[in-house]
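Enquirer: With the sequences and hints as input, model every part of the structure.
Count the sequence shown with my numbering and you get residues 736 to 1722, in order.
Since the hints were made in silico from the structure, they are not lab data.
Every residue gets a Cβ at the ideal spot worked out from N, C-alpha and C, and that includes glycine.
Careful: at least some of the hints might be erroneous.
Claimed, not checked - The list that follows gives simulated cross-link-like pairs (lysine-lysine, DSS-like), each with its CA atoms no further than 27 Å apart:
id	residue 1	residue 2
1	K941	K1156
2	K1102	K840
3	K862	K840
Unchecked claim - Okay, the calculated beta carbon distance ranges per label pair:
id	residue 1	residue 2	range
4	I851	A1123	54 to 62 Å
5	A1130	Q1611	36 to 44 Å
6	R1434	Q1622	43 to 51 Å
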Amino acid sequence: MNAGLPFGWRVTTALPARGRLQQFRLQDRVAFRCTRCDREKTSRLVCVVAGNWSSLLCNGCYGLLSKEQASPAALAGRGPASAGSTQEPASVGGARGSRADQLRKNIVELAKLLRIRAEEGERRLAKADLKALTALADENETAVALRYAELLAEGDALVAQVEFDHRSHHRFARVAGILAAERGVALQRLHKRYETRLAAVRAASKAPDHLDAMVMQHVGGEAFRQALAAVLRRRGLQLGALDVPTSGYWAWLADSRLDPAYAEGALPPPVRELRRMDAHAFLRVLHADGYGTRPNGFLGHPAVVERWHAHSGQVYSHIRAARDQSAAEFETSGGVRAGVRPDRLRADVQAVARAGARRATSGLRLKELRLRAVRFHRTLPMQRLRAACLTEAAARLTRADPKLGALVASACADHRARCAKVNDPHPCATCVQEVAERLRQHRTPQRAETVPTPKVTLEAKVDKAIAELIQQVAGPVLTAADNPTAFVCSAARERLAPETPAELAVVETHTVPATPRFGYAWVTEAGEMHTGVGAAANPQDASVQAVCRAALEIGENQPRVHLVARDPEAVAYVQLVLRTGTVPPDPGFSLSDDTVELLVDVASFRQRISVHADLCPRPHRGAETAGHLAALALSADGGRGAKGRVRVDLDMIARNVGRGVGYKPTSPDEESDHAWWLPAQETGPSRPHELAWRTALYRMHIAGGWCALPEPRTGESWQEGRLRLRIDHEETRRPSVGQVQEVTVRRRGGQWELGDIRWPRGLAPGVIVTFRRRPGGSMIKARTGLLPQPEQVDGVEFLHRYDAQVVTRESAPGFDQDREVPDLSDASWVLRTLRKLGYLSVDGTATLVEEALVRNCLALGLPRHRASRIGSAVDQLLRSGRIQRVQGSLDSSGRPWYPPQPDRHRVSLLRYVPRVEAVETHPTTPTEWHPHRRGFTVPGHLRRLPPGAKASEERIEAFKEAARSFQIVERELPDTHTYVRPHEKKR
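Expert: Set out below in structure tokens:
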């Protein structure tokens, strides 16, 4: 009965069993999770279901189920049963039946039933099986089994394809598609259940009243954060120990020191061994588990599951590549036509299915770990610790600023006296923002407000003030001596006091007539950029809103901001607000509510902001760049396809101006295969119905002879089969037409692909290829596009347009080493980690939190004994300018942002910025486009003839003449050869 007993648990008494339930009394108190109420319990008394120590019940649930099992009504409600049969509890076996328990423990059998249902319908299943499938529909095991069955069906389709069994191939592919769709529905149900459980955890938690400390946290700013950091250091806690992290859940649970069950010593020895393994050894364990040669059940332990999930994708890709290689070798050997059986391929199909199912299991287990972390965060001991730390930090800040502490205490006391939520489990937790906002208004009496002045008088004053300001900003326009390539006009620059350090930025908007939507962008002279979209009542309102947003975003990190815009009315009105500190109504154009709120915020910082107009007839470089970015931001807001369309243009702009655009940075898990549709306006007016898309090539695409296809749009679909492809790869400015080849449209791993491609030589990872095809046609035309001027990205030369994000990932140090863990220097490990695991901007800039660098280096395979040398490697790279250290922020999901977002925690970031250099080319001639491609003389030589061919008499005489001229003993020309005269060859 004690088989499977967790390590360290010792049974002192086994109580009598009741059906499938039996209680055990342990020597010490243990922590476990009840599988019925899904709550963490700590007790010496545990209940085991059906002898399975991984299925435990708490004492409360055991009592409820025991009563239900003994109830005659409950037994009668389950239908007739034999006298010797044992009825099972409803939550464990009863209503679900023993068949559901059997399938829950046997994923292979469950996958078999799911495939039968998808392939032949429910009529082929027994009633007990159908009932069990219904009972398990909302459980993790069903999603894992669906993934296993889907990959098996996909593998069977691949085997049928190489065996030239087209009917079976299409049947298995259809079954794989059905299973993939069912898995998507199952995952949606699991996510809804996860959200429900998460809401229940949050609703059931309790916390002490610490409203004063939470309000102080909101209004204290950087001073409070420093005080809190000091408190955490004094208590021996890490920064961020009071909030649920976005990764490293087990380490966070262990660092809290509130539950000894999370300590390292409490872990089973096999789990501790897995945690101590280096990356190479851990990958070997995962490969053995994926192939099924040495299954490891301890990988699912919460202390290891996060690392398991982080590497399971790599293992799955490796096993899948081996399967595809087996299929290619089977086809090369002649396959069934040569009498060869695909036994190895079938074994690889089984391995891919198991590895895919294990990866799905790791993802679901990781989600359970996240829920456990949230549940732990909501426990009363954790909430008490959080309240104590925040209260201590607030007390430190009160001692440093007694006036602020008195204001907070008074505001919180007034709020408690009239708030109905003061007796909630989390007293006034949702009222913090309200109290903090009232306190800010009290502390800043100079804050801008709409003054209730008589309307007629105020309108006249406003109109007069705006007219005067328009005259001032209009002023004399300098055009003759002004340089259009300058960042801003000289007049605007002269208004900036040279003795006052300020950040100079240009703001532009892009509107669409008859719509409220607009795009805006600001660009600083230092190369920082940010874009966004909004809604406005009119173009002037859009300009005012854009200027305010730029002022607030840039002013968060700069002591003074100098803004330049091209709308004189908008600039004049913002200047009036900055001068008076009020927001006068009716400036001559309508203002939206969002704009008024932004103006109120801007007026609070009016001493740090100045706004001027650029009225030059021709926009300068800053205005041109910001205007283009604003237009792109508005078009990118149109959906997923539009975002893919503007990626290349944003990349080019970011390289021309400087650093990356302030778009949401992309994590490695969010990256796609960079295949996107082109909109109708880019396909050209002469071919409006042509399908056109682009893709950025990865190294695996070039090596494997395939590329990704974009997902079909509404009303369109890809059809599996053979097509013809012509790739026009331009090596020079002259047109180049490639040979036609046959390719395959296929669906693999839930994604559409174009396979069996013979790529032209010299293609580098990251090059963008544009494809075009007429609907229903059998020919696809592909083309690469030359850059206006060749470029080098960190020493790698590109002649063609490329995707900077793909180049950053694919050309990281170690890409040229054919090994899982490359042999690199410490500095190269830092660069590899930044480029492989950093968050990417559209210009290829990779950003990573500095304190997470060593952990990510180890995750990529850095030997653990070299971890202490990473700090000096970072200093070396900083001195050489290869990377940058900047101050950024983290959002709620843990994503780094630079420039930092307002009101976010500041962190130190490391940034890799690609070094892009233009490659100088020499003038070309019709016969010589590059200096090393000059013509040369080919000496006379012999050339073998095809079978049956003979040399002409003229060539025989030419051979004899050449032999005599070189004073060679005369001999006959061989019958199998001909003579080629000396000649000039042009390249």
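Enquirer: Confirm or reject the claim that I851 and A1123 have a C-beta distance inside 54 to 62 Å.
Expert: Given range 54 to 62 Å: holds, Cβ gap about 58 Å.
Enquirer: Measure nothing beyond the straight line between the CA atoms of K941 and K1156; if it is 27 Å or shorter, mark the hint as holding.
Expert: holds, 13 Å
Enquirer: Quick check: does the Cβ-Cβ distance between R1434 and Q1622 fall within 43 to 51 Å?
Expert: Given about 34 Å between the Cβ atoms, the range is violated.
Enquirer: Please verify whether K1102 and K840 have alpha carbons no more than 27 Å apart.
Expert: Given pair K1102, K840 holds - Cα atoms ~20 Å apart, limit 27 Å.
Enquirer: Against the 27 Å threshold, does the CA-CA distance of K862 and K840 hold or violate the hint?
Expert: This hinted pair holds, its Cα atoms lying about 19 Å apart.
Enquirer: Quick one: are A1130 and Q1611 within 36 to 44 Å, going by C-beta?
Expert: Cβ of A1130 to Cβ of Q1611: about 43 Å, so the range 36 to 44 Å holds.
The structure does not agree with numbered hint 6 stated previously, though it agrees with all others.
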